[in-house]
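Protein chains: 2
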Amino acid sequence: NERKIVKKKSNYKIKTIFYKMVNAMSMVDYDIDKHDGKVIVNICYIDKKYADDALDLLKEAYKNNLGIGDKFGFIEEKDKIKIQTLCSITIDGILLKHSLPTIPKYGGVLEIKNEKKRFIDIIAYNGSSLDPHIVFFDAVDCESTILAGFREFHRIIKDDIEEVLDRLNWNCVIGIGEPNNEIFGINVEKDMCGIVYNGGLNPIVLLKENEIPVEIKQMHEVVDYSKLISYKEI
Amino acid sequence: NERKIVKKKSNYKIKTIFYKMVNAMSMVDYDIDKHDGKVIVNICYIDKKYADDALDLLKEAYKNNLGIGDKFGFIEEKDKIKIQTLCSITIDGILLKHSLPTIPKYGGVLEIKNEKKRFIDIIAYNGSSLDPHIVFFDAVDCESTILAGFREFHRIIKDDIEEVLDRLNWNCVIGIGEPNNEIFGINVEKDMCGIVYNGGLNPIVLLKENEIPVEIKQMHEVVDYSKLISYKEI
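From first to last, the protein sequence lines are chains P and W. When we follow our numbering, the leftmost residue of the first sequence carries the number 500, and every step to the right adds one. When we follow our numbering, the leftmost residue of the second sequence carries the number 500, and every step to the right adds one.
Chain P on its own, in the form it takes in the complex:
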């Protein structure tokens, strides 16, 4: 085989969601002490006629720790309601602001049975053009299964990450693994720890489970945290 290498240029390259996440992460500037700054939210739309039911269900969802944090957006747009829920990339962004890097690995379905948790389906962010949580949206019920995200970080920053998450004090982390140890059925690379986040779309899953038709946008949005409302204020 003779060696003749020609490199063809193409105008089009398919992107995976991983790079969109890394991009979104860098836009977070939430300040833990001031409780304000830019955060990333998932977006979905419902018909205005479901507004009251949806608010009740969202309140219930956040009370039962299905959401990330305790705030969400609920905005009238013509005949629709736009719902914004905190996206788990916000957590990565906040950690990154403290110079603590996490690597997004998988989005998946976490099964919860008698307090035991395990991932039963996963899709790798760096191998997929689709957001895994949109793929799995119809496959979870918020009872025995929820959406969850898997990240890896180096063992050397474990204590620091735990400290920042403590100070942040949001409902968001489902579990942190020991160095080199699998967590909920997913292995980690050498010297790494796994961390499992609650999926930002879980409150929306509860709407779907209660027969409210939801239209989910794959695009994330950057918003000011102060523009969101706490379920406790409703």
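Possibly wrong hints are sitting among the right ones.
Said to hold, decoys possible - Which residues of chain P face chain W? A partial, calculated answer using Cβ under 8 angstroms:
no.	residue
1	Tyr-511
2	Gly-572
3	Arg-617
4	Trp-669
5	Ile-685
As the list claims (entries may be wrong) - DMTMM-like mimics (lysine to aspartate or glutamate), calculated; alpha carbons at most 25 angstroms apart, straight line:
no.	chain 1	residue 1	chain 2	residue 2
6	W	Lys-512	P	Glu-688
7	P	Lys-581	P	Asp-546
8	W	Lys-514	P	Glu-688
9	W	Lys-514	P	Glu-710
10	W	Lys-519	W	Glu-720
11	W	Lys-519	P	Glu-681
12	P	Lys-514	W	Glu-642
13	P	Lys-514	W	Glu-610
14	P	Lys-616	P	Glu-651
15	P	Lys-548	P	Glu-688
16	W	Lys-512	P	Asp-546
17	W	Lys-716	P	Glu-610
18	P	Lys-514	W	Glu-677
19	W	Lys-512	P	Glu-681
20	W	Lys-514	P	Glu-681
21	W	Lys-514	P	Glu-610
22	P	Lys-716	W	Asp-637
23	P	Lys-512	W	Glu-614
24	P	Lys-514	W	Glu-651
25	P	Lys-689	W	Asp-665
26	P	Lys-514	W	Asp-620
27	W	Lys-716	P	Asp-620
28	W	Lys-726	W	Glu-714
29	W	Lys-514	P	Asp-640
30	W	Lys-512	P	Glu-614
31	W	Lys-512	P	Glu-710
32	W	Lys-512	P	Asp-620
33	P	Lys-716	W	Asp-640
34	W	Lys-514	W	Glu-642
35	P	Lys-512	W	Glu-714
36	W	Lys-514	P	Glu-677
37	P	Lys-512	W	Glu-720
38	P	Lys-707	W	Glu-714
Source of the hints: derived by calculation from the structure; they are not laboratory data. Every residue gets a Cβ at the ideal spot worked out from N, C-alpha and C, and that includes glycine.
Based on the hints, put chain W in the right spot on chain P.
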């Protein structure tokens, strides 16, 4: 940070589809010259009342090169019809039997517009517990979009692969890239070539597009090639 490493054992580990594919690949023993041997098929079920319509549509699909090869299985099972279509892993298995290794990388949606082709969505096999073609099944229409699989092989075996595929003479390959060159929007590793296969489920997509409800099984099956029937014989 003190160095104390404890490794916890777990009974459960989540698997990706990649390893199931490598396993299935090794079970293929189709002989190109004898036109017989074990092949891998996708499986789906339809209600018996759609049998005639489904046969007509499958015939049309294979005539229009939507299928892999020209044979499929059509078996009555109680009140259902079980349809078997050749799965693209069969091609990998046949190449492997000639000691020509291909690495399954992505399953995806290939857009075809004015003879131009590009992947518009992909999921990596080694990062997903789900078969990407089942994820994308409802997203394609067999007109402007089809299911397609992406593999990589080393440039050194390009001629040999092309020779075996010529001898095989099945409808299955949509394109082979030059070494180091992207193909249809997907990059390859250094010294590798991309090869794009037609998705084995495309004939079933045509049934779905014609309002025949289909139930797809993620599990593949090993069958004797001789048990399948050619669309030309119907």
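These are the hints, each one checked on the structure:
no.: 1; hint: Tyr-511; in the structure: holds, 5 angstroms
no.: 2; hint: Gly-572; in the structure: violated, 28 angstroms
no.: 3; hint: Arg-617; in the structure: holds, 6 angstroms
no.: 4; hint: Trp-669; in the structure: violated, 25 angstroms
no.: 5; hint: Ile-685; in the structure: holds, 6 angstroms
no.: 6; hint: W:Lys-512 to P:Glu-688; in the structure: holds, 14 angstroms
no.: 7; hint: P:Lys-581 to P:Asp-546; in the structure: holds, 9 angstroms
no.: 8; hint: W:Lys-514 to P:Glu-688; in the structure: holds, 16 angstroms
no.: 9; hint: W:Lys-514 to P:Glu-710; in the structure: violated, 32 angstroms
no.: 10; hint: W:Lys-519 to W:Glu-720; in the structure: holds, 12 angstroms
no.: 11; hint: W:Lys-519 to P:Glu-681; in the structure: holds, 21 angstroms
no.: 12; hint: P:Lys-514 to W:Glu-642; in the structure: holds, 23 angstroms
no.: 13; hint: P:Lys-514 to W:Glu-610; in the structure: holds, 15 angstroms
no.: 14; hint: P:Lys-616 to P:Glu-651; in the structure: holds, 18 angstroms
no.: 15; hint: P:Lys-548 to P:Glu-688; in the structure: violated, 48 angstroms
no.: 16; hint: W:Lys-512 to P:Asp-546; in the structure: violated, 41 angstroms
no.: 17; hint: W:Lys-716 to P:Glu-610; in the structure: holds, 21 angstroms
no.: 18; hint: P:Lys-514 to W:Glu-677; in the structure: holds, 21 angstroms
no.: 19; hint: W:Lys-512 to P:Glu-681; in the structure: holds, 8 angstroms
no.: 20; hint: W:Lys-514 to P:Glu-681; in the structure: holds, 13 angstroms
no.: 21; hint: W:Lys-514 to P:Glu-610; in the structure: holds, 15 angstroms
no.: 22; hint: P:Lys-716 to W:Asp-637; in the structure: holds, 18 angstroms
no.: 23; hint: P:Lys-512 to W:Glu-614; in the structure: holds, 18 angstroms
no.: 24; hint: P:Lys-514 to W:Glu-651; in the structure: holds, 18 angstroms
no.: 25; hint: P:Lys-689 to W:Asp-665; in the structure: violated, 44 angstroms
no.: 26; hint: P:Lys-514 to W:Asp-620; in the structure: holds, 9 angstroms
no.: 27; hint: W:Lys-716 to P:Asp-620; in the structure: holds, 16 angstroms
no.: 28; hint: W:Lys-726 to W:Glu-714; in the structure: holds, 22 angstroms
no.: 29; hint: W:Lys-514 to P:Asp-640; in the structure: holds, 22 angstroms
no.: 30; hint: W:Lys-512 to P:Glu-614; in the structure: holds, 18 angstroms
no.: 31; hint: W:Lys-512 to P:Glu-710; in the structure: violated, 34 angstroms
no.: 32; hint: W:Lys-512 to P:Asp-620; in the structure: holds, 11 angstroms
no.: 33; hint: P:Lys-716 to W:Asp-640; in the structure: holds, 22 angstroms
no.: 34; hint: W:Lys-514 to W:Glu-642; in the structure: violated, 33 angstroms
no.: 35; hint: P:Lys-512 to W:Glu-714; in the structure: violated, 33 angstroms
no.: 36; hint: W:Lys-514 to P:Glu-677; in the structure: holds, 21 angstroms
no.: 37; hint: P:Lys-512 to W:Glu-720; in the structure: violated, 34 angstroms
no.: 38; hint: P:Lys-707 to W:Glu-714; in the structure: holds, 23 angstroms
Hint violations for this structure: numbers 2, 4, 9, 15, 16, 25, 31, 34, 35, 37, all remaining hints satisfied.
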